[in-house]
Each structure stands twice: as C-alpha cells, then as structure tokens.
Amino acid sequence: MTRLRVLWCRLAGLLRKGNMESDMDEELEFHLQTEIADNLRKGMTPDEARSQALRRFGNIAQTKETYRETRSLPVIQVLWQDTRFGFRMLRRNPGFSSLAVLCLTLGIGANAAVFSWIEGILLRPFPLVAHQERMMAVTGTVPVAPGRTDVSWPDFLDFQRNCKLFDAFIVDRITGTTLAIGDRAQRSTASVVSANYFDVLGVRPILGRGFEPEENYGRNAHPVTVISYQMWQERFHGDPEIAGKTQMLNGMPHVIVGVAPEGFYGTFVGWAMQFWVPVSMEEKFDSGDTNWTTAARVGLKASCG
Amino acid sequence: MTNDKSDVLHGSLALMVLRTLDTLGPQHGWGIARRIEQISGDMLELNQGSLYPALLRLQQMGWITSKWGVSESNRRARFYTITRAGRKQLAAEAENWERISDIVARFAKPAGESS
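Chains Z and D, in that order, are what the protein sequence lines are.
So the first sequence is numbered by our numbering: it starts at 1 and just counts up by one.
So the second sequence is numbered by our numbering: it starts at 1 and just counts up by one.
Note that these hints are calculated values from the structure, not bench results.
Do not rely on the hints blindly, as some may be mistaken.
Said to hold, decoys possible - On the chain Z side, residues computed to face chain D include the following (Cβ under 7 Å): (1) 2; (2) 6; (3) 9; (4) 30; (5) 34; (6) 56; (7) 57; (8) 63; (9) 66; (10) 67; (11) 70; (12) 291.
Owing to the predicted nature of the structure, the values given are computational and were not obtained by experimental measurement.
No residue lacks a Cβ here, since even glycine has one placed at the ideal position from N, Cα and C.
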C-alpha cells in the first residue's frame with residue numbers, strides 16, 4: 001500500500017515541477033540561515049558562522065540532487081531526456097533518418113499485411129462464430145476413388161440422429177446469384193444452409209430471426225433469407241423495417257427474415273457471404289453440387305484430438 | 001567519521017525523526033536536526049543535508065505531513081507533523097530495534113553468562 005502511495009507521490013512530483021523546486025530552495029535556505037543565526041549567537045564571526053553552517057550541512061548540491069531524485073521518478077526523466085536527444089540526432093541527419101523511417105514503414109506494413117492474411121485464413125477464419133475450438137469439419141471418403149467427398153443429405157440426417165459424440169451438425173453450400181444494383185448487375189456470394197446454422201454457430205441475427213427447423217424441408221417451400229450486415233447497409237441503407245420485405249433472388253421473391261450481425265461473413269474461408277437461404281430452397285440455387293460441406297460441434301462431454 | 005557511525009544513522013533516521021516529531025510536535029527541518037544531535041549526544045555526526053531527502057521519503061510513505069508556517073524567527077518555514085500511520089510505524093520500529101539490540105547484546109557479552 002505504501003509502495004503505491006510513494007509511486008503516486010513521485011508521479012505527481014514528476015508532473016508538477018514548478019513550485020517544488022523553489023520550495024526546496026526556500027526550505028534549505030531557511031535551514032542555513034537558522035544555523036548561521038545560531039552560530040552567531042554562540043559568538044562566532046559572520047564568516048565562521050557561515051562556513052561552519054555549510055560544513056555541518058554537507059554538500060548542498062548533492063543534497064539538492066538527491067532531493068530531486070527522491071521527489072520524482074528518475075527512470076522516466078532519464079528516459080525522456082534520452083528520447084529527446086535521440087530526436088535531435090535524427091533531425092541532424094535527415095537523409096539517414098528518412099531512410100530508416102522508410103524501411104521501418106515497409107517492414108511494419110508488410111508484416112501487418114501478412115499477419116492479417118494468416119489470421120484470416122489460419123488462425124481465426126470465422127469471425128463471430130462461437131466455440132470454434134469445438135467445431136470440426138466432416139468429410140467422407142469413397143472406397144473406389146481417392147480424395148474426400150462432402151456429405152450427402154441423407155447421411156447428414158443420419159449423423160444428426162445417431163451420432164452421440166457431436167451435439168450438432170450443420171451443412172452449408174456455397175452458391176451465388178446476380179443482384180441488380182440500379183442498372184448494373186453484381187454477383188453476390190451466398191450460402192444454402194441447414195436451419196440450425198445460426199443457432200449452432202452462436203450467431204444471433206441483429207434484426208429478425210434465423211431459420212426455423214421446418215425450413216429444412218419442402219421443395220422451394222420456404223423462400224426466406226437472412227441477409228448480411230453489409231448487404232443490409234449497402235443495398236437497403238440500414239432500413240430498420242427490413243424484416244418482412246422481399247428481395248428477388250434467382251427469379252423468386254424471398255422474404256427477408258433477418259439480418260446477420262456485423263462482422264459475420266459465413267463459414268467459407270475467403271468468401272464474404274451476402275445472404276443465406278435454407279436448404280429447402282436448394283433447387284433455386286443449384287450450383288451443380290449434390291453434396292454438402294458439413295461441420296459438427298463436438299459435444300461438451302467428448303474431447304477433441 | 002568511522003564506518004559504524006553512518007551505518008547506525010541510515011538504519012535509524014526514520015526512527016529518530018518520527019520519535020522527535022512525536023515528542024516535540026510539529027517542527028521544522030532545522031529543529032529536527034538540532035534535536036537529533038542533542039539526543040544522540042553528539043555521538044552521531046549527522047550530515048544535516050541528508051535529513052531533507054529522508055523527510056521527503058517519510059512524507060511519501062505517509063508517516064509525516066508538512067505545511068508551510070512561520071518560525072520563531074518570523075520566517076517562512078516548512079513544519080512537519082507525524083501522522084497516525086507514522087505513530088504506528090514508530091511503535092513498530094522501536095520494538096524492532098529493541099528486539100535486535102537484545103539479541104546482539106547476548107553475543108556482544110563474552111561467553112560465561114549463559115542462562
């Protein structure tokens with residue numbers, strides 16, 4: 001506790017130097033004068049009185065220096081002085097300084113770029129997804145062919161029903177459509193996802209809702225969509241009444257039921273999804289795939305690895 | 001000025017200052033120095049200058065406070081007062097020193113007085 005108090009006092013001393021210097025001078029001067037007066041009373045001559053007082057006191061300059069050090073934080077002061085000196089030296093060699101600054105800029109910039117790239121792809125590829133350490137990709141193998149395949153819908157249903165190790169399965173498939181922006185057309189990437197997609201990922205739509213379980217079923221029966229935050233801002237200008245409005249997707253009007261939170265871009269690395277539709281609409285968004293990219297979340301009772 | 005004199009001084013300056021203020025009440029730096037010299041009977045050569053950084057440290061620890069006032073000679077001077085925390089510290093240090101001197105005394109006497 002006292003340590004904190006001392007630190008606080010010293011910080012204060014560092015920041016408001018003005019008064020303290022003159023106060024110190026005045027206090028030490030008072031001491032000397034009193035000692036001299038006392039010596040005179042004892043019968044010394046003025047010269048003797050003064051020199052005796054000074055001798056008794058010890059080295060004044062040293063005392064003042066020790067006093068100043070005790071008053072503030074010498075470490076910081078020295079650091080500050082060195083920094084200023086460094087800057088002065090830099091100013092005197094403009095050629096060298098600008099070269100050094102240029103190199104530093106390039107180096108820092110390149111590092112930042114590479115790191116954010118790596119972070120986006122390897123380290124934390126899915127912003128806003130909960131429990132990423134428990135999410136696993138699920139793939140299949142075919143006995144006669146090399147490589148891995150994605151999971152078929154019936155298999156997905158089987159997994160959901162029977163697999164005890166994982167507590168949730170989700171599927172999605174990348175697709176896209178062309179949207180008209182004024183009189184231009186723009187390609188938008190999207191995902192067809194299982195109804196539990198948003199729930200399992202822990203992504204809560206900021207407006208409206210995610211998908212309901214029955215929206216998995218029925219061919220083209222549920223033309224609903226959840227749009228991304230970016231699309232909501234750019235295309236619909238952040239309209240607060242967006243839920244319930246329709247958007248034409250691949251020739252069929254879809255009702256917008258929700259808006260995904262800012263920063264959520266779906267679960268395909270490298271792609272920013274603009275909207276999501278439920279599995280029941282997969283015919284409308286046929287991308288030639290018959291299988292599904294599947295992911296599963298390991299149950300709390302199981303362990304990974 | 002031998003070595004042992006300054007050793008004793010450093011370790012106990014806080015104790016001496018606190019005791020002085022406890023006994024005399026609010027006092028300025030010169031008065032404290034004077035009193036210390038009196039009590040120690042000139043056995044210690046107090047480097048008066050070293051008193052002031054010590055006083056500053058004691059203030060930072062919260063054991064004494066200071067205020068500007070007017071001295072007997074009608075001059076502006078800084079007066080120091082002991083605080084409650086300071087009194088606690090004084091008691092603790094005094095007890096500490098007694099204990100230490102007790103132990104050391106047993107060894108300082110030649111063997112033969114074993115109990």
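Hint-by-hint comparison with the structure:
| no. | hint | verdict |
| --- | --- | --- |
| 1 | 2 | holds (5 Å) |
| 2 | 6 | holds (4 Å) |
| 3 | 9 | holds (4 Å) |
| 4 | 30 | holds (5 Å) |
| 5 | 34 | holds (5 Å) |
| 6 | 56 | holds (6 Å) |
| 7 | 57 | holds (5 Å) |
| 8 | 63 | holds (4 Å) |
| 9 | 66 | holds (5 Å) |
| 10 | 67 | holds (5 Å) |
| 11 | 70 | holds (5 Å) |
| 12 | 291 | violated (73 Å) |
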